[in-house]
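Taken in order, these protein sequences are the chains called A and B.
Per this note's numbering, the very first residue in the first sequence carries number 1; after that it's consecutive.
Per this note's numbering, the very first residue in the second sequence carries number 408; after that it's consecutive.
In silico EDC-like cross-links for lysine to aspartate or glutamate, where the CA-CA straight-line distance does not exceed 20 Å: (1) B:Lys424 with A:Glu112; (2) A:Lys43 with A:Glu28; (3) B:Lys657 with A:Glu87; (4) B:Lys416 with A:Asp134; (5) A:Lys131 with B:Glu417; (6) A:Lys29 with B:Asp577; (7) B:Lys424 with A:Asp134.
Derived contacts from chain B toward chain A, CB cut-off under 10 Å, selection only: (8) Leu418; (9) Leu428; (10) Leu501; (11) Val502; (12) Lys504; (13) Leu507; (14) Arg574; (15) Phe575; (16) Glu664; (17) Tyr665.
The hints are simulated quantities; they were obtained by calculation from the structure and are not laboratory data.
The C-beta atom is built at its ideal place from N, Cα and C for all residues, glycine as well.
This is what each chain is made of:
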Amino acid sequence: MKKSTEQKNTTVAVSVRNLNKKFIIPHEKIQTLRGMFVHMMKKRTHDVLHALDDISFDVYQGEFFAIMGRNGSGKSTLLKILAGVYEQDSGSVIVSGGISPFLELGIGFHGELSGRDNIYLNATVLGLSKKEIDEKIDAIINFSELERFIDQKVKNYSSGMYMRLAFSVAIHANKEVLLMDEVLAVGDAPFQEKCLAELRRLKRMGKTIILVSHGEQSVRDFADRVLILDHGRMHIIDTAAKSLFAYQKLLMQEQQDETVSDTKKKKNSIVDVRLYNDRNIETSVFESRETIRIEINYDIKDISQQLHVGLGILDKKTDAWVCGNNTLYETYQHPWKKGKNRIVLTFPEALFHKGEFVINTSLFSEKENGEQVFYDMYLGSEHQAYFKVIPGDKRNGLVHMPHRWSE
Amino acid sequence: MLSSLFTYKELIIRLAKTDFLLRYQNSWLGYIWALLKPLLFFLVLNFVFSSIFNFKNMGTPFYTLELLTAFLMFNFFAEGTSSGMSALLSKGQLVTKIALPRWTLVVSSTLHSLLVFITNLVVVVGFFIYYGKMPSVGGIIFFLGSIILLYIFILACSFILAPLFVRFRDVSMIWEVLVSILMYASPIVYPLVMLPEYLHRWLLVSPLAFIIHFSKQGLISDLFAQTHHVIIMVLACIGFLVLSILLFKKTSRRIAEYI
Chain A
1 MKKSTEQKNT TVAVSVRNLN KKFIIPHEKI QTLRGMFVHM MKKRTHDVLH
51 ALDDISFDVY QGEFFAIMGR NGSGKSTLLK ILAGVYEQDS GSVIVSGGIS
101 PFLELGIGFH GELSGRDNIY LNATVLGLSK KEIDEKIDAI INFSELERFI
151 DQKVKNYSSG MYMRLAFSVA IHANKEVLLM DEVLAVGDAP FQEKCLAELR
201 RLKRMGKTII LVSHGEQSVR DFADRVLILD HGRMHIIDTA AKSLFAYQKL
251 LMQEQQDETV SDTKKKKNSI VDVRLYNDRN IETSVFESRE TIRIEINYDI
301 KDISQQLHVG LGILDKKTDA WVCGNNTLYE TYQHPWKKGK NRIVLTFPEA
351 LFHKGEFVIN TSLFSEKENG EQVFYDMYLG SEHQAYFKVI PGDKRNGLVH
401 MPHRWSE
Chain B
408 MLSSLFTYKE LIIRLAKTDF LLRYQNSWLG YIWALLKPLL FFLVLNFVFS
458 SIFNFKNMGT PFYTLELLTA FLMFNFFAEG TSSGMSALLS KGQLVTKIAL
508 PRWTLVVSST LHSLLVFITN LVVVVGFFIY YGKMPSVGGI IFFLGSIILL
558 YIFILACSFI LAPLFVRFRD VSMIWEVLVS ILMYASPIVY PLVMLPEYLH
608 RWLLVSPLAF IIHFSKQGLI SDLFAQTHHV IIMVLACIGF LVLSILLFKK
658 TSRRIAEYI
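Only chain A is shown next, with the shape it has when bound in the complex (with noise of 0.2 Å):
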C-alpha cells in the first residue's frame, strides 16, 4: 500500500479510522421463527466474511474521491457505513459538516404520485424542510426539464424522466458531503453533461464528493483520488492515474489467475525496460529532441496467442498520458519465440521538451471477442523507469511541437 504522495493540505471532510465490518453467514439462513425452533438442538455453523479490514483514510474538503474494487470487494458495505445505513463493528467515521445519507436516486419515488409530490416526498426524505423545499422546487423542476410533465405521475415517466427528477433532488439537498454510488449514467448525453457540469460546479462551490464506481471512464475525468478495495482490505489510495493501474493491474492478476491458472509455468513476463541515446548509451537524461530508444525485455513461454506490447509515456508530476502506443492497434508483427525476447521501439529526435517521465508497458493479447487479456504490467514508478528532458532553452512545455510564426 503506497500514501498518497501529494496529500494537500486542506482540512479533512471526512475521517475513517480503523474501519472494521464482519458479517456472519450462517450456512443455513433462518427466516421464521419455527426454523428456529426447529434448528434450536442442532448446532449452527456459520462462515464469517471480513467486508472491511482495518480501513483508514481522510477526505479532504472540496475533494472529488472516487472508491474501487471488484464486486465483494467492500465498496458497498463502505458506502454504506458512511451513509449511516450500517454500523461498523470497530473503528470510527467522522465527518465535518452535513453527509447525504442516501446511496441512490430517488428513494421514496412512488409510481402513483405525481412529480411534485414525489419531489417534496424524496426531499423530506432527504432532509429538507417543507420551507426549504417550497423555495427550491423550481429550480428543481428546471434543472430537471420536466416543467410539462411535473403533475403527471411519475409511473408514466421514462426511465430516463425519472432518473432526472430523482437526481435533480439529489443534488438540490445541499450537504457538505456528496455520497454517490454509480450515478454519472443518468439519462440521455446532453442531461449527462449537465449533470457532470453541475457536479464540477458542486466540487468549486468546496462540496466534497464521494463516489463509488465501475466506470473508470467516469473516475479517470473527474476524481482526485482513488481508493482501490481488495478483499475488504485497502489495496493502494493515491491519484486517479496511479489507482487505475493499480486497478488495472490487479484485474489482470485476477485474470490470469483463472484463465492462465493452469498453464502457470508458461508465464509470460517482461523483464526489464531500458533507455538508450542515439550514441547507444544506456541513460535516463535526454536533451530535447534527443532520439529515445525504450528497450524492452520479456521472458516468454506461452506463443500459442498472439501477443501484444503497449507503452505508454506519462508526465511524471500530473499522470497525464503524453504518448501511448501499441503493436496492436499500429499493427506491427512481432517475431514472438520462446524465452528471451526483445523489442525497441525508437523516437527519432523526439519531441519531448522538458520535465520527467515514466514509462509503463504491457504485454497482452486479444481475444476473439476483442476482450484483452493481460499477461504482464511494468509500472514505471515501481521500476524506476524514468526519463528527463532536459531543455536546450528557456521555452516551457512538455512537448515540443513543430509550429510555424506567421503574420
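Please build the complex by placing chain B on the supplied structure of chain A, with the hints as guidance.
Only chain B this time, still in chain A's reference frame:
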C-alpha cells in the same frame, strides 16, 4: 426522543400523508371503499349478535352503538399494529438506502392508521345521531383520552413487532392469530356483564379490553373506571412504550443487514 420527534415531525407527517394519499388515490370513492371493509364486517357482526344472539335485550339497549365503537377501536388496533409491524419491511428502501432514524418509519405507519381511524369516527358520529344518543361531556373526554392511550399501546406493540418481523417472517401470521384471539378476549361483540363476575378483573388486565370496555361505558352509560385503575393503566401503557423503545433501539441497530 421527544426533541427528535420535533426534528423529524415533517418527515413523519409526510410519510403518513403519502400512505394516506396512496390508499385513497386522492378520491372520495377510494375513501368510501376503504371504509367499506370494516363497515361491512361490522354489519355482519351486528346482524349476527343483535338478531340471532339478541344481546340487545340483555341490558344493552344501544348494542349497535357499542358494537360499532368497540369494533372500530379494535380495527384501529389491528390495522395499526399490522402496518406498524411491517413498517420496516414495506419501506425497506428507506432502511437500506438511506440513514433515517428507523423509529420514524414505525411512527408514520401507525400514524397513518390513526388518521384512518379519525376519519372513520365520522361514521360513529353519524350512528349516534341516527340513534338519537348524546354522550356526556365526561364520556367524550374519556373516549378521546382512550384513543391516545390506545395509540400508545399500538405504538409499543409495533416497536416490538417491527424488528422481529424483519428477522422472522412468520411473525405476521402468529400476530394475526393473536389479534383474532384478542378480539374475542375483549368485550367487543359481547358486553362485559355477560361474563361471570370473577373473570372481569382478569379480562380488564389487557389494555385493549380495558380501553374498549370503558370507552363504551363512558360514551353510552356515562359510567367510568375507578380513578386509580385508570392511573395504573396509563402508567402501564407508558411504561410499556418506554420499554419497547429501548428494545427497538437495540434490535433495530443492525436491521438493515437483514432486509
